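Trainee: Work out the full structure: start from the sequences and follow the hints.
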Amino acid sequence: MRRFRRKNAQPHHASTIYKEGYRPDQSSPILISKVFLFFVGCIPILFSQDLWVTLLVAVMVLRSAFISLGACSWNSWMRDLVPQDQIGTFFSRRMSLARALDIPLALAAGMYIDYWRKHLADHELFGYSTLFFMGFSVGLIGVYYISRTPEPSMGEVESLPRFFTLIVKPFRDNNFKNLITFMGSWNFAVNLAAPFFTVYMLKRLEMDLSLIIALTVLSQVMNIAFLQTWGRVADRFSHKSVLAVSGPLFIISILAWTFTTMPEKYVLTLPLLVIIHMVMGISTAGVTLASATIGLKLAPRGEATSYLAANSLVNSLAAGIAPVLYRTT
Numbered sequence: 001m002r003r004f005r006r007k008n009a010q011p012h013h014a015s016t017i018y019k020e021g022y023r024p025d026q027s028s029p030i031l032i033s034k035v036f037l038f039f040v041g042c043i044p045i046l047f048s049q050d051l052w053v054t055l056l057v058a059v060m061v062l063r064s065a066f067i068s069l070g071a072c073s074w075n076s077w078m079r080d081l082v083p084q085d086q087i088g089t090f091f092s093r094r095m096s097l098a099r100a101l102d103i104p105l106a107l108a109a110g111m112y113i114d115y116w117r118k119h120l121a122d123h124e125l126f127g128y129s130t131l132f133f134m135g136f137s138v139g140l141i142g143v144y145y146i147s148r149t150p151e152p153s154m155g156e157v158e159s160l161p162r163f164f165t166l167i168v169k170p171f172r173d174n175n176f177k178n179l180i181t182f183m184g185s186w187n188f189a190v191n192l193a194a195p196f197f198t199v200y201m202l203k204r205l206e207m208d209l210s211l212i213i214a215l216t217v218l219s220q221v222m223n224i225a226f227l228q229t230w231g232r233v234a235d236r237f238s239h240k241s242v243l244a245v246s247g248p249l250f251i252i253s254i255l256a257w258t259f260t261t262m263p264e265k266y267v268l269t270l271p272l273l274v275i276i277h278m279v280m281g282i283s284t285a286g287v288t289l290a291s292a293t294i295g296l297k298l299a300p301r302g303e304a305t306s307y308l309a310a311n312s313l314v315n316s317l318a319a320g321i322a323p324v325l326y327r328t329t
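Using my numbering, read the sequence shown as starting at 1 and increasing by one per residue.
Source of the hints: derived by calculation from the structure; they are not laboratory data.
For clarity, every value in this text was computed on a predicted model and none was experimentally measured.
Yeah, the Cβ is synthetic: ideal placement off N, Cα and C, and Gly gets one too.
Just to be clear, a hint being listed does not mean it is correct.
Cβ-Cβ distance ranges computed for the label pairs, FRET-style [to be verified]:
1) Val199 x Arg117: 24 to 32 Å
2) Asp114 x Thr149: 31 to 39 Å
3) Pro150 x Ala109: 29 to 37 Å
4) Ala214 x Lys297: 30 to 38 Å
5) Arg232 x Thr54: 42 to 50 Å
6) Tyr115 x Met262: 41 to 49 Å
The calculated lysine-lysine pairs, modelled on PhoX-like cross-linking and capped at a C-alpha distance of 20 Å, are [unchecked claim]:
7) Lys177 x Lys240
8) Lys297 x Lys177
9) Lys297 x Lys169
10) Lys203 x Lys265
11) Lys240 x Lys297
Mentor: What follows is the structure, given as structure tokens:
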């Protein structure tokens with residue numbers, strides 16, 4: 001739901017970028033979203049327990065909305081800033097660095113909370129507040145560097161386009177409409193299947209949660225390891241070539257789940273799961289990178305905001321509807 005709210009706020013923000021440029025619409029919302037992290041940390045300290053859930057939901061909704069506004073500017077900003085012949089390498093390196101930090105930081109945060117629970121069990125929530133304060137502090141560093149990033153000229157706009165015109169235009173572009181159709185169906189399929197995997201391993205295969213987490217980490221490690229490889233391949237050949245390889249790989253990995261039982265667990269169940277998670281990590285890296293950069297390349301220079309906002313809108317709708325359908329079946 002948070003992703004759904006965040007993405008659907010983007011189209012409403014697209015037209016303002018034509019007025020003010022990228023940086024004001026990028027730095028200010030991102031800064032405000034970091035301030036909301038600080039507010040989350042303050043909730044258990046400043047307010048009574050009966051208000052905690054209400055305040056947390058309200059703050060997270062507002063934070064997601066401001067993240068959406070910043071992301072809308074960010075995507076179109078990077079479209080005009082990064083050289084087109086280096087876009088695959090740039091985004092693959094950025095994604096791999098971000099995900100390489102995700103794993104150790106998440107583990108460190110978990111160890112920190114476990115330590116806090118053990119030694120300060122009566123004040124457990126304050127341990128979480130400390131993490132939010134740390135996130136706020138580090139986030140300010142990111143805002144500083146965003147404010148120093150050069151801003152390409154958007155060119156002169158003779159007249160401000162209407163909101164409806166901005167949103168409809170991407171759907172009249174046949175190439176971009178094909179991308180939106182592919183991404184919408186892809187996100188629907190992935191989010192329809194993804195909730196099944198963990199439940200299947202827990203209930204059908206009766207696996208320990210620690211082993212499931214280990215397989216998930218393995219998938220993430222393979223994702224990180226192959227992001228830059230896919231980026232180099234995309235820059236040398238094309239992003240469509242990356243999709244043509246990574247997309248079928250992901251489909252094959254999903255089909256491979258049917259062989260993990262015959263009809264019960266057997267000697268090849270665990271080796272198959274290891275291979276499946278490795279292939280899923282590799283293929284997801286290619287699909288994520290290629291689809292994102294194809295969207296940036298297909299969006300016309302100076303008009304990327306509305307194009308990428310429309311793409312995000314369709315993706316979020318597909319990704320939000322799929323889990324709901326899964327839960328109703």
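Trainee: Take the hints in turn and mark each one as holding or not.
Mentor: How the hints compare with the structure:
1. Val199 x Arg117: 24 to 32 Å: Cβ of Val199 to Cβ of Arg117: about 27 Å, so the range 24 to 32 Å holds.
2. Asp114 x Thr149: 31 to 39 Å: The hinted range 31 to 39 Å holds for Asp114 and Thr149, with Cβ atoms some 38 Å apart.
3. Pro150 x Ala109: 29 to 37 Å: holds (34 Å)
4. Ala214 x Lys297: 30 to 38 Å: holds (37 Å)
5. Arg232 x Thr54: 42 to 50 Å: holds (49 Å)
6. Tyr115 x Met262: 41 to 49 Å: Cβ of Tyr115 to Cβ of Met262: about 44 Å, so the range 41 to 49 Å holds.
7. Lys177 x Lys240: It holds: about 15 Å lies between the C-alpha atoms, which stays within 20 Å.
8. Lys297 x Lys177: This hinted pair holds, its Cα atoms lying about 14 Å apart.
9. Lys297 x Lys169: Holds, at about 16 Å.
10. Lys203 x Lys265: holds (12 Å)
11. Lys240 x Lys297: holds (12 Å)
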